[in-house]
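*Asks:* Sequence:
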Amino acid sequence: MSSTLARRIKNFRNHFKIRSFRSALSSLEAAPQFALLGILAGLCTGLVILAFRWVVERTLILILPNGPESFEQLALADRFLLPTAGAITLALIFRLLKPSDRQLGVTHVLERLQRHQGYIAFRSLVIQFFAGALALVTGQTGGREGPAIHLGAATSSLLGQTLKLPNNSMRILIGCGTAAAIGSSFNTPIAGVIFSMEVIVMEYTIAGFMPVILAAVTGTLIVQQVFGDQPVFQVPGIGMESYWDLPWVFLEGIIIAVLAAGLIRVMLISHALGPKPIIFRFMLAGLVTASLGLAVPQVLGIGYDTVGEALQGHLPITILMIIATAKLISTGVNLGLGMPIGLIGPTLVIGAVAGGSFWQLAATFSDTVSDPGFYVILGMGAMMGAALQAPLAALMALVELTRNPDIVIPAMACIVIAHITAANGFGLKSIFHTQATMLGQDLSRNPMSLALSRASVESVMSRQFVTTSALITIDEAKSLLDQLPTWILIKERDYERLLSAADLNRALLDPERDPELERIDLSDIPGERKNIGKVTWQATLDEAFDIIARDNVEALYVVRVPAPLVEHPVGIILPSDIERFYKS
Numbered sequence: 000m001s002s003t004l005a006r007r008i009k010n011f012r013n014h015f016k017i018r019s020f021r022s023a024l025s026s027l028e029a030a031p032q033f034a035l036l037g038i039l040a041g042l043c044t045g046l047v048i049l050a051f052r053w054v055v056e057r058t059l060i061l062i063l064p065n066g067p068e069s070f071e072q073l074a075l076a077d078r079f080l081l082p083t084a085g086a087i088t089l090a091l092i093f094r095l096l097k098p099s100d101r102q103l104g105v106t107h108v109l110e111r112l113q114r115h116q117g118y119i120a121f122r123s124l125v126i127q128f129f130a131g132a133l134a135l136v137t138g139q140t141g142g143r144e145g146p147a148i149h150l151g152a153a154t155s156s157l158l159g160q161t162l163k164l165p166n167n168s169m170r171i172l173i174g175c176g177t178a179a180a181i182g183s184s185f186n187t188p189i190a191g192v193i194f195s196m197e198v199i200v201m202e203y204t205i206a207g208f209m210p211v212i213l214a215a216v217t218g219t220l221i222v223q224q225v226f227g228d229q230p231v232f233q234v235p236g237i238g239m240e241s242y243w244d245l246p247w248v249f250l251e252g253i254i255i256a257v258l259a260a261g262l263i264r265v266m267l268i269s270h271a272l273g274p275k276p277i278i279f280r281f282m283l284a285g286l287v288t289a290s291l292g293l294a295v296p297q298v299l300g301i302g303y304d305t306v307g308e309a310l311q312g313h314l315p316i317t318i319l320m321i322i323a324t325a326k327l328i329s330t331g332v333n334l335g336l337g338m339p340i341g342l343i344g345p346t347l348v349i350g351a352v353a354g355g356s357f358w359q360l361a362a363t364f365s366d367t368v369s370d371p372g373f374y375v376i377l378g379m380g381a382m383m384g385a386a387l388q389a390p391l392a393a394l395m396a397l398v399e400l401t402r403n404p405d406i407v408i409p410a411m412a413c414i415v416i417a418h419i420t421a422a423n424g425f426g427l428k429s430i431f432h433t434q435a436t437m438l439g440q441d442l443s444r445n446p447m448s449l450a451l452s453r454a455s456v457e458s459v460m461s462r463q464f465v466t467t468s469a470l471i472t473i474d475e476a477k478s479l480l481d482q483l484p485t486w487i488l489i490k491e492r493d494y495e496r497l498l499s500a501a502d503l504n505r506a507l508l509d510p511e512r513d514p515e516l517e518r519i520d521l522s523d524i525p526g527e528r529k530n531i532g533k534v535t536w537q538a539t540l541d542e543a544f545d546i547i548a549r550d551n552v553e554a555l556y557v558v559r560v561p562a563p564l565v566e567h568p569v570g571i572i573l574p575s576d577i578e579r580f581y582k583s
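Position one of the sequence shown corresponds to residue 0 (numbering that gives the first Met the number 0), numbered consecutively onward.
Quick caveat, the hints were computed from the structure, so don't treat them as lab data.
All C-beta atoms in this analysis are idealised placements derived from N, C-alpha and C, irrespective of residue type, glycine included.
Mixed in with the good hints there might be a few duds.
Claimed, not checked - No more than 27 angstroms apart at the CA atoms, straight line, and that leaves these computed lysine-lysine pairs for DSSO-like:
1) Lys97 x Lys275
2) Lys529 x Lys490
3) Lys428 x Lys490
4) Lys477 x Lys529
5) Lys533 x Lys582
6) Lys428 x Lys275
7) Lys163 x Lys16
8) Lys533 x Lys163
9) Lys428 x Lys477
10) Lys477 x Lys490
Stated by the list, open to error - Estimated spans, in silico, between C-beta atoms of each pair:
11) Pro230 x Tyr581: 37 to 47 angstroms
12) Leu480 x Asn530: 17 to 27 angstroms
13) Tyr242 x Arg579: 23 to 33 angstroms
14) Asp550 x Met447: 13 to 23 angstroms
15) Ser19 x Thr58: 27 to 37 angstroms
16) Val569 x Leu91: 47 to 57 angstroms
17) Pro404 x Pro561: 47 to 57 angstroms
18) Gln482 x Arg122: 44 to 54 angstroms
19) Asn65 x Ser19: 52 to 62 angstroms
20) Asp100 x Asp550: 29 to 39 angstroms
21) Val569 x Ile253: 54 to 64 angstroms
22) Asp545 x Leu80: 20 to 30 angstroms
23) Ile253 x Ala30: 41 to 51 angstroms
Taking the hints into account, I'd like the entire structure generated from these sequences.
*Replies:* As structure tokens, then:
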């Protein structure tokens, strides 16, 4: 009994040796390994987000008169100079960067995930950290969630790169970092999970859910140790008082969809008409924000204090409508001109003040409408769902922010109406995908490509092969066959082919073979020799499929690279192996 237990413990420990750990992650059947990976990703992301929030909030406390959200209390001149100086500083910094290093935010994460297997450079993390912090502390219109998602994804990507994990696990790691970033930014881990799967990973799988959940929980708990466990917004007790609210809820969804379309239109126009040099683009964005900030100081910074006032119904309708318009214009211009800011926060603010305005309009026509906070919350969710085309993430965010299940039915109605109106009425795509198209990037992936990205070549490759040169002795040929291979990899400087071991066996048994012959040329014996290419062991099946199609080869040999210029073939993969995986 004790020996059996010891053997099981030994086998379990072997699962977590780094070589076995990497190999196990090549398939989707590695639940313990992916769980550990999710916890590690959440821990690392939580620490990075904690540092980012601490830098931003401490700096704002130092430069603002009454807390990190009190841009409204700045002197008139300071309201203009702070965002202008910040934009000029960012422009000078970005002018020194290579164009590839200027791509930041959620769109950059999506592009790296779809086109570069989720590999994000350390310098990208550093640039986003300081550029995002500088933008936020100087009052640029934007949120911290966009930079946080980039930081979380980059941190998790670097974890995978450091551990030299297979590329299929990088996709899950990016999802883990995103979920942990959203969860720790809003204290909404469930919304973080759904946002990650709906917007970033863009698929729901059981194998992907577990590590992403663990990452969101871990990251959120880390940040809660410093910033507490209260939601970002203090939401009063709200709910739908009667079903007579439903027509107003539907109408609010339509109006919010119009605002989402307006936000994206302003972004596209700003990008198209703005100056091309990065220094002038940033300066123009800063001037627009500063000018609007003179008249409407609520546009400066994230604006969550404005959401709090709207929830309490303290702002008159004129002020709410002015704030919504100014925030929409400044956010759209900043996004279109490429400022390194997030857009989730502004969508919540725009939705909140628009919802507050809508409540006051509805209250003039009906005495049965619910409290203002009800319509403010619905506006936030509808705007997030419509602009991001992420209705489920928006719904879960509202549930976690309000901690009130009674909001679910009206929230579902409002968010779905806004989503359908935006997508079908205005033809909107996700604002992130619109940004990518604006920058000339194509983020589309077909279902086959997504499916093949879930597994590494190591999960399906054949290890039953031997490697040899083309010209060998008869004894060497027999020795090769004694190893019972399926394939023989003929590998020389200018000649690489794959030969079936059965063909070599037939050649040795051929009665017409000259018995005096001491050598055999594997490039000349009867049999089919397949053109063969090369792929690293970390590659996904999707990468392998692309190499086969691009190089017009009939097979691939899989290599490990333990040192520069040193390659060790470790497996053989055929198109039929990839097809078999896809059909399974």
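*Asks:* Each of the hints needs a verdict: does it hold here or not?
*Replies:* Taking the hints in turn, this is what the structure says about them:
Taking the CA atoms of Lys97 and Lys275, the gap is near 15 angstroms; set against the 27 angstroms cutoff, the hint holds. Pair hint Lys529 plus Lys490 holds up; C-alpha atoms about 12 angstroms apart against a cutoff of 27 angstroms. Taking the CA atoms of Lys428 and Lys490, the gap is near 49 angstroms; set against the 27 angstroms cutoff, the hint is violated. Distance restraint check for Lys477 and Lys529: the Cα-Cα separation of roughly 21 angstroms lies within the 27 angstroms cut-off, and the hinted pair is therefore satisfied.
In summary, the hint linking Lys533 to Lys582 is supported, as the alpha carbons are separated by about 24 angstroms, within the 27 angstroms threshold. The suggested pairing of Lys428 with Lys275 holds, with an alpha-carbon distance near 25 angstroms, which does not exceed 27 angstroms. Distance hint between Lys163 and Lys16 is fulfilled; the C-alpha atoms sit about 13 angstroms from each other, no more than 27 angstroms. Under the criterion of a C-alpha separation no larger than 27 angstroms, the hint pairing Lys533 with Lys163 is consistent with the structure, at around 19 angstroms.
Simply put, Lys428 and Lys477 have alpha-carbon atoms about 62 angstroms apart, too far for the 27 angstroms limit, and the pair is violated. For the hint linking Lys477 to Lys490, the alpha-carbon distance of about 18 angstroms falls within 27 angstroms, and the restraint holds. Between Pro230 and Tyr581 the Cβ separation comes to about 43 angstroms, which falls inside the hinted range of 37 to 47 angstroms. A hinted range of 17 to 27 angstroms for the beta carbons of Leu480 and Asn530 is consistent with their spacing of about 23 angstroms.
Judged by the Cβ atoms, the range 23 to 33 angstroms given for Tyr242 and Arg579 is violated: they are separated by roughly 54 angstroms. Between Asp550 and Met447 the CB atoms are about 19 angstroms apart, so this pair conforms to the stated range of 13 to 23 angstroms. In this structure the supplied range 27 to 37 angstroms is violated for Ser19 paired with Thr58, their Cβ-Cβ distance being about 45 angstroms. Here the CB-CB span from Val569 to Leu91 is close to 49 angstroms, well matched to the stated 47 to 57 angstroms.
Distance hint check for Pro404 and Pro561: the Cβ-Cβ separation is about 55 angstroms, which falls inside the suggested range of 47 to 57 angstroms. Look at Gln482 against Arg122: about 46 angstroms separates their beta carbons, and that is inside 44 to 54 angstroms. Between Asn65 and Ser19 the beta carbons are some 56 angstroms apart, a value that agrees with the proposed interval 52 to 62 angstroms. The beta-carbon spacing between Asp100 and Asp550, approximately 31 angstroms, falls within the hinted interval of 29 to 39 angstroms.
One distance hint, 54 to 64 angstroms for the beta-carbon pair Val569 and Ile253, holds here, with the actual separation near 58 angstroms. At roughly 52 angstroms, the beta-carbon separation of Asp545 and Leu80 lies outside the given 20 to 30 angstroms, and the hint is violated. Taking the beta carbon of each, Ile253 and Ala30 are about 44 angstroms apart, inside 41 to 51 angstroms as hinted.
The structure is inconsistent with the numbered hints 3, 9, 13, 15 and 22, although it conforms to all the rest.
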